[in-house]
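Which chain is which? The protein sequence lines are A and B, in order.
Heads up, the first sequence is in our numbering, so the first residue is 4 and it goes up one at a time.
Heads up, the second sequence is in our numbering, so the first residue is 3 and it goes up one at a time.
I should point out that these hints are in silico values taken from the structure, not numbers from a laboratory.
None of these values were measured; they are calculated from a predicted model.
Where hints are given, some of them may not hold.
Stated by the list, open to error - DEER-style ranges, computed between Cβ atoms: (1) A:G161 to B:D163: 56 to 62 Å; (2) B:V51 to A:I129: 29 to 35 Å; (3) B:G92 to A:T293: 40 to 46 Å; (4) B:S230 to A:P53: 19 to 25 Å; (5) A:I10 to B:R263: 39 to 45 Å; (6) B:A127 to A:A26: 15 to 21 Å; (7) B:D174 to A:L104: 50 to 56 Å.
Claimed, not checked - Which residues of chain A face chain B? A partial, calculated answer using Cβ under 7 Å: (8) A26; (9) L28; (10) P131; (11) T134; (12) Y177; (13) G243; (14) L263; (15) I291; (16) T293; (17) S298.
A virtual CB, placed ideally from N, CA and C, is assigned to each residue, including glycine.
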Amino acid sequence: MRRRAAIAEGRLVRLLVLALPYAWLLLFFLLPFLIVAKIALSEPALGIPPYAPILRWTEEKVLTLVLNLGNFATLAEDPFYLDAYLRSIGIAGVSAVLCMLIGYPMAYAIARAPAHRRDLLLMLVILPFWTSFLLRVMAWIGLLGDQGVINGLLLWLGLTREPLRMLYTEGAVYIGIVYCYLPFMVLPLYATLIKIDPVLIEAAADLGARPWRAFLTVTLPLSVPGLAAGGMLVFIPAIGEFVIPELLGGPAAQLVGRVLWVEFFQNRDWPMASALAVVLVLVLVVPIATFQRLSATRGL
Amino acid sequence: MRRRLPWLGLALGAGYAFLYLPIALLVLLSFNDSRMVTRWSGFSVRWYVALWNNESLIEAALLSLRIAATSATGALVLGTLAGFALARLGVFRGRTLFGAMVTAPLVMPEVITGLSLLLLFVALAGLVGWPGERGVTTITLAHITFATAYVAVVVQSRLVDFDDSLEEAAMDLGARPWTVFRTITLPLIAPALASGWLLAFTLSLDDLVIASFTSGPGATTLPMVVFSAMRLGLTPELFALATIIIAVVTVALVVALRLARVASGPSRV
Chain A
4 MRRRAAIAEG
14 RLVRLLVLAL
24 PYAWLLLFFL
34 LPFLIVAKIA
44 LSEPALGIPP
54 YAPILRWTEE
64 KVLTLVLNLG
74 NFATLAEDPF
84 YLDAYLRSIG
94 IAGVSAVLCM
104 LIGYPMAYAI
114 ARAPAHRRDL
124 LLMLVILPFW
134 TSFLLRVMAW
144 IGLLGDQGVI
154 NGLLLWLGLT
164 REPLRMLYTE
174 GAVYIGIVYC
184 YLPFMVLPLY
194 ATLIKIDPVL
204 IEAAADLGAR
214 PWRAFLTVTL
224 PLSVPGLAAG
234 GMLVFIPAIG
244 EFVIPELLGG
254 PAAQLVGRVL
264 WVEFFQNRDW
274 PMASALAVVL
284 VLVLVVPIAT
294 FQRLSATRGL
Chain B
3 MRRRLPWLGL
13 ALGAGYAFLY
23 LPIALLVLLS
33 FNDSRMVTRW
43 SGFSVRWYVA
53 LWNNESLIEA
63 ALLSLRIAAT
73 SATGALVLGT
83 LAGFALARLG
93 VFRGRTLFGA
103 MVTAPLVMPE
113 VITGLSLLLL
123 FVALAGLVGW
133 PGERGVTTIT
143 LAHITFATAY
153 VAVVVQSRLV
163 DFDDSLEEAA
173 MDLGARPWTV
183 FRTITLPLIA
193 PALASGWLLA
203 FTLSLDDLVI
213 ASFTSGPGAT
223 TLPMVVFSAM
233 RLGLTPELFA
243 LATIIIAVVT
253 VALVVALRLA
263 RVASGPSRV
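Let the hints inform the model, and build the full structure from the sequences given.
See the structure below:
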C-alpha cells in the first residue's frame with residue numbers, strides 16, 4: 004500500500020515539476036511567436052496599437068479574415084531588406100569563424116594548463132561577460148574613435164598624419180562582436196577539449212605521429228562538437244545584434260536587428276517589424292535546431 | 003606529453019590582452035581629470051562625485067537592481083523546475099517541445115524576444131485588460147522568461163553530473179521524496195542554484211534591448227539611461243560607473259572562486 008502511495012506521490016510531483024515551467028514557456032515564449040506571425044499579416048494603422056485586426060466584422064456583419072501579405076512582399080522586393088539579411092548573415096558567420104580562430108588556442112591552452120590553474124584561467128575568460136556589455140562596447144568607442152586612444156598613439160608616434168577611420172566601419176562591428184561573444188566560444192570548446200582522454204594523444208605519439216599530426220587527426224576531430232556549439236552560440240544571437248552595429252557601425256551597417264528596431268521605434272510600423280522578425284526566425288530555424296541537438300547530446 | 007608550447011601561451015596571453023585592455027582603459031580613464039580620452043591631466047575622482055550626484059542615473063540603477071533581484075528569483079524557481087524536468091523525468095509527452103522552449107531563449111536574438119513579448123503584452127491588455135500599463139512588471143516578466151533558460155541549463159548539467167546513489171539510499175531507507183529533496187538533493191545542487199541566480203541577476207541588470215521593448219513610459223532602467231547617454235558621446239561619468247561594476251564583479255567572483263575551492267577541496271571524488 005505504502006509503495007502505491009509513494010508512486011502516486013511521485014506522479015503528482017512529476018506533474019507539479021513540469022506544469023509550471025511548461026505553462027510559463029507556452030504563455031511567454033511560444034504564444035508571443037504566434038502573435039508576431041499574426042501581426043506580420045496585418046495592416047499598419049494609425050492608433051494604439053498601430054495595426055488593424057486581421058479578423059474584422061464587415062458592414063454586412065460578416066466576420067472576415069483579412070490577411071495582408073504586403074509586408075512580406077516588401078521584404079522580398081526591396082533590396083534594402085534582402086541586403087540587411089545577407090549582410091547580417093555574413094557578418095555573424097565571419098565573426099563566428101574569427102571567434103573560433105581566437106578562442107581555440109585559448110581553450111586549448113587552458114585545457115592543457117596545470118589543473119589547479121584552470122579555474123582561475125576560465126574565470127578570467129568569463130569575468131568580462133559579467134560586467135556591463137554596453138560599457139565594454141563604450142570602451143571600444145574610446146579606443147577606435149577619430150580622437151580615440153589608438154589614433155592618439157599613432158599620431159604621437161608619427162605613424163599617421165591624420166586619424167585613421169576605424170570607428171563606424173564594418174571592421175569596428177567585427178571587433179565588437181568578437182570581443183563580446185568570445186567567452187561563448189571558449190567555454191563549450193574548453194568543455195569538449197577537457198574531456199578528450201590524453202591517452203589517445205599519447206597513443207598517436209607512440210605510433211609515430213608528430214604533435215601537429217596528432218592534433219589534426221585526434222584532437223581536432225574530437226573537438227568538433229564544441230566548435231559547432233560555440234559557433235552557434237556566436238552566430239545565432241549575432242545575426243540579430245542591435246547594440247554593436249548601432250554604436251560601432253555607422254550608418255552603413257544596416258543589419259537586421261537595427262532595421263527591425265528602426266521600423267518599430269522610429270517608424271512605428273509594428274507589422275513590418277513583425278514581418279522582419281518572422282523571416283529572421285525562419286532563417287534561424289536550422290541553426291537553432293542544430294544547436295539544440297548539440298546541447299541535448301552533450302548536456303551543454 | 004606536457005611539453006611547453008610557447009606559442010600556445012602567447013596566444014592565451016594575446017587573448018586575455020584583447021579581453022582586458024579595453025576594461026583597463028575604462029578604469030584608467032575614470033580617474034582622469036580631463037574629458038579627453040587621449041590626454042591625462044591628472045588623477046581625479048570628480049567623475050565619481052558627478053556620478054553620485056546624477057539622480058536620474060542612481061534612480062535607474064536602483065530600479066534595475068530591483069527588477070534584477072525579482073526576476074532572478076522568479077527565474078531560479080522556474081529554471082530549477084525546468085532543469086529537473088529535463089534531467090530527471092526521462093521521456094514524457096511533449097518533451098521535445100519543452101526542451102526546445104527551454105534552450106531556444108539561450109540563442110534567440112534579443113530583438114525577437116523583446117518584440118514578441120511586447121506584442122503579447124499588448125494583445126493581453128486588449129483581451130483581458132492586463133497588464134494595464136507597461137513598466138516594471140512587464141520588464142520583470144520578460145526577464146524571468148529569458149533568464150529561466152540559463153538557470154535551467156546550469157541546474158540540468160549539475161543534476162546530470164551528480165551521483166544519485168545518495169538519493170536512492172535515502173529512498174531505500176524510507177525517506178519521502180520531499181525529505182530526500184530537502185536533505186540530500188538541495189544541498190548538493192546549492193552551488194548550481196547560486197550561480198544560476200547570479201547569472202539571471204546579471205543578465206537582467208545588463209539587458210537593454212528586451213527592456214526597451216517591454217518597458218513603458220514610467221520605467222527607465224540603467225542600461226536605457228546609459229545607452230541614451232552614450233549616443234550623445236563619451237562621458238567619463240560612465241567610465242566611473244563601469245569601474246564600479248568591474249570592481250563589484252571582480253570581488254564577487256574572487257569570493258565565489260574561494261568558496262568553490264573550499265567546498266570542493268579535499269572531499270572531491
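(message) Which constraints among the numbered hints does this structure fail? Numbers only, ascending.
(response) Hints 3, 8, 12 and 16 are the ones this structure does not satisfy, whereas the remaining hints hold.
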